[in-house]
Amino acid sequence: EAGVVQSPRYKIIEKKQPVAFWCNPISGHNTLYWYRQNLGQGPELLIRYENEEAVDDSQLPKDRFSAERLKGVDSTLKIQPAELGDSAVYLCASSHRETEAFFGQGTRLTVV
Amino acid sequence: GEDVEQSLFLSVREGDSSVINCTYTDSSSTYLYWYKQEPGAGLQLLTYIFSNMDMKQDQRLTVLLNKKDKHLSLRIADTQTGDSAIYFCAERKSGGSYIPTFGRGTSLIVHP
Chain A
1 EAGVVQSPRY KIIEKKQPVA FWCNPISGHN TLYWYRQNLG QGPELLIRYE
51 NEEAVDDSQL PKDRFSAERL KGVDSTLKIQ PAELGDSAVY LCASSHRETE
101 AFFGQGTRLT VV
Chain B
1 GEDVEQSLFL SVREGDSSVI NCTYTDSSST YLYWYKQEPG AGLQLLTYIF
51 SNMDMKQDQR LTVLLNKKDK HLSLRIADTQ TGDSAIYFCA ERKSGGSYIP
101 TFGRGTSLIV HP
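Chains as they are written, first to last, in this note's numbering: chain A, 1 to 112; chain B, 1 to 112.
These are calculated hints, taken from the structure and not from any lab test.
Take the hints with a grain of salt, since some may be wrong.
As the list claims (entries may be wrong) - The list that follows gives simulated cross-link-like pairs (lysine to aspartate or glutamate, DMTMM-like), each with its CA atoms no further than 25 Å apart:
{"#": "1", "chain 1": "B", "residue 1": "Lys56", "chain 2": "A", "residue 2": "Glu100"}
{"#": "2", "chain 1": "A", "residue 1": "Lys11", "chain 2": "B", "residue 2": "Asp69"}
{"#": "3", "chain 1": "A", "residue 1": "Lys16", "chain 2": "A", "residue 2": "Glu52"}
{"#": "4", "chain 1": "B", "residue 1": "Lys36", "chain 2": "A", "residue 2": "Asp63"}
{"#": "5", "chain 1": "B", "residue 1": "Lys36", "chain 2": "A", "residue 2": "Glu44"}
Bear in mind that the values here come from a model prediction, so they are computed numbers and not experimental data.
Required output: the full structure, derived from the provided sequences and hints.
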């Protein structure tokens with residue numbers, strides 16, 4: 001069974017440019033999470049979806065970050081415009097039963 | 001302070017046992033998890049323990065939970081170089097929804 005797939009793996013952009021990340025969760029998983037992991041830190045939740053509904057987005061900086069999960073499957077996370085402080089690894093995870101979440105390999109974003 | 005706290009580094013010799021410790025704050029946490037993150041990779045769920053258990057063993061891994069002290073530990077027996085990674089403790093807070101909350105991670109270094 002394929003795991004959580006994220007793309008791209010790496011992205012380097014200049015500040016003020018837009019960037020988007022894509023996540024394909026494990027088939028049948030209705031819960032999808034986006035986390036941000038800064039260097040030397042643990043992952044921090046940005047947003048959680050139950051099917052296509054965002055049920056927890058209190059940590060998402062809404063002035064520049066947006067996310068969507070059309071049809072309750074794939075999801076995209078967008079930053080516009082990017083700032084230097086947005087450099088981090090963006091992790092997507094999905095879960096079905098409420099006991100464990102499976103993570104993708106992440107997208108490493110570098111803003112220069 | 002952080003909700004989940006871990007020591008940042010642990011160095012062990014190959015073949016020895018490793019013990020990674022974690023303290024958490026929410027006494028009503030229902031599940032506690034250990035994740036492993038290898039360089040450039042996402043998080044891999046190693047094991048989890050339900051809060052009504054004191055111990056769980058899975059091959060080389062032993063999880064001990066002290067609810068009174070809100071202390072969780074992960075013991076890796078016969079540590080191998082392939083165990084070198086960052087280990088994250090995570091809790092599922094009370095309230096029903098599954099949102100893993102992570103510590104900063106413990107970097108385990110295994111040397112010959």
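Measure nothing beyond the straight line between the CA atoms of Lys36 of chain B and Glu44 of chain A; if it is 25 Å or shorter, mark the hint as holding. Since the Cα atoms of Lys36 of chain B and Glu44 of chain A sit roughly 16 Å apart, the hinted pair holds (cutoff 25 Å).
Sort out whether Asp69 of chain B lies within 25 Å of Lys11 of chain A, counting only the CA atoms. Roughly 43 Å between the alpha carbons, so the hint for Lys11 of chain A and Asp69 of chain B is violated.
Keeping to a limit of 25 Å between CA atoms, is the pair of Lys56 of chain B and Glu100 of chain A held or broken? holds (16 Å)
Is Lys16 of chain A within 25 Å of Glu52 of chain A, Cα to Cα? Violated, at roughly 29 Å.
Lys36 of chain B and Asp63 of chain A were given as a pair; does the straight-line alpha-carbon distance stay at or below 25 Å? violated (33 Å)
Going through the hint list in order, the structure does not satisfy hints 2, 3, 4.
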